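Student: Here's the letter readout for the chains.
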Amino acid sequence: MNIPHDHNGEEFRREWQAQERALEEERNGVNPVSCDGVVAQYRLIARALRMPRIAPLPDDFAARAVARIEAARVPTEDLMEIWLQRVLFLLLVAGGAAATLGGEWLTDAYSRASTLARSGSAGGWMLIVAACLSLSLAMEHLWHRRRNPGRSPR
Amino acid sequence: MNVPQPPCRDDDRQLVAAVISRAPKAFEQLIRQYQGLCWHIVSRMVVHREDARDVCQEAFLRVYRHLHQYRFESPLRSWIAQVAYSSALRHLERKRIPLAGMEQGDPQERAAEVTDGFDLEAASADAELVDALHAEIEALPPLQRTILTLYHLDELTIGEISRITGIAEGTIKSHLFRSRAKLRDRLGARTRVSR
Chain A
5 MNIPHDHNGE
15 EFRREWQAQE
25 RALEEERNGV
35 NPVSCDGVVA
45 QYRLIARALR
55 MPRIAPLPDD
65 FAARAVARIE
75 AARVPTEDLM
85 EIWLQRVLFL
95 LLVAGGAAAT
105 LGGEWLTDAY
115 SRASTLARSG
125 SAGGWMLIVA
135 ACLSLSLAME
145 HLWHRRRNPG
155 RSPR
Chain B
63 MNVPQPPCRD
73 DDRQLVAAVI
83 SRAPKAFEQL
93 IRQYQGLCWH
103 IVSRMVVHRE
113 DARDVCQEAF
123 LRVYRHLHQY
133 RFESPLRSWI
143 AQVAYSSALR
153 HLERKRIPLA
163 GMEQGDPQER
173 AAEVTDGFDL
183 EAASADAELV
193 DALHAEIEAL
203 PPLQRTILTL
213 YHLDELTIGE
223 ISRITGIAEG
233 TIKSHLFRSR
243 AKLRDRLGAR
253 TRVSR
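Protein chains in written order, with my numbering: chain A, 5 to 158; chain B, 63 to 257.
Everything labelled a hint here was simulated from the structure, so no lab data went into it.
All figures in this text were calculated on a predicted structure; none of them were measured in a lab.
Ideal placement from N, C-alpha and C gives every residue a C-beta, glycine not left out.
Quick list of the computed label-pair ranges, beta carbon to beta carbon:
1) A:85 to B:236: 50 to 58 Å
2) B:112 to A:102: 54 to 62 Å
3) B:131 to A:131: 37 to 45 Å
4) B:73 to A:31: 21 to 29 Å
5) A:57 to B:232: 26 to 34 Å
Computed from the model, here is a short list of chain B residues facing chain A with C-beta under 8 Å:
6) 89
7) 94
8) 111
9) 186
10) 192
11) 199
12) 210
13) 211
14) 215
15) 245
16) 246
17) 249
Given only the sequences and the hints, what does the whole structure look like? Please build it.
Tutor: This is the structure in structure tokens:
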């Protein structure tokens, strides 16, 4: 048999129809009463393709895959620590740069905080307390992680 | 020709939401649901069994990492199959294994076809012939093997296979046609010999 190259040609159409008919007959379990030898040959091929000799996956494949994913996942608290380290590093760099290149930035920030405190407004005080608490908690968290690697502070 | 995509099933939406919210056992359920399809693709492309298992795991790892990017525009099975196909493809590229193989020229003149009186049930019971046919299927290049499996075994449409592989529908149809014709050619040669 020559495999036709012209996909619009009559030969291609006939052969394709035989292939598709064989596929449908095998799918629907039609009794092989067809006297068309070409379709019968394609049915044998379709049958082999529907029963491939592929070794099955092990029964515990899903459980193993999940275990691998769990192992590959970075714990959230580690991500938090990485994030905090970056923020603190940036603050240190900014502080260092301000101290080296001109203390005006620091003085300005200090005077703004003093003004907020002196104004006696609740919002101002809350802002200062929140900033102090955040910095303190971040430092505590980092300190604890350095002393007890792999464990959370709480 | 673009066939409209079937919508994503509701149970797939629920499953995706459960996995993203890290509900216990949700991802294991997703794996169990789609491991068969994933395995068909990967094992047809990657012959080495251990490698195939690793690639299949790798595919599900990628599914897990990128599931939040799934936009429900296509069925979940197509999206997962796409990830499995690209994982297997990357493996073949790393190992420098050709995907489609070389197109071999077809013999111009072949012996006259002998198809009359082909007894399907007798041929099906002929273990030697069936073994030979399976060997011919295994000898096909990875892409052709995969396309045949997705079409015949997983009953995917040409449109779906096209979306999974990123290959034009016309090319998929051509691969299907030529691979099956080639298999019939080999089958015909064997039955002629055995007569």
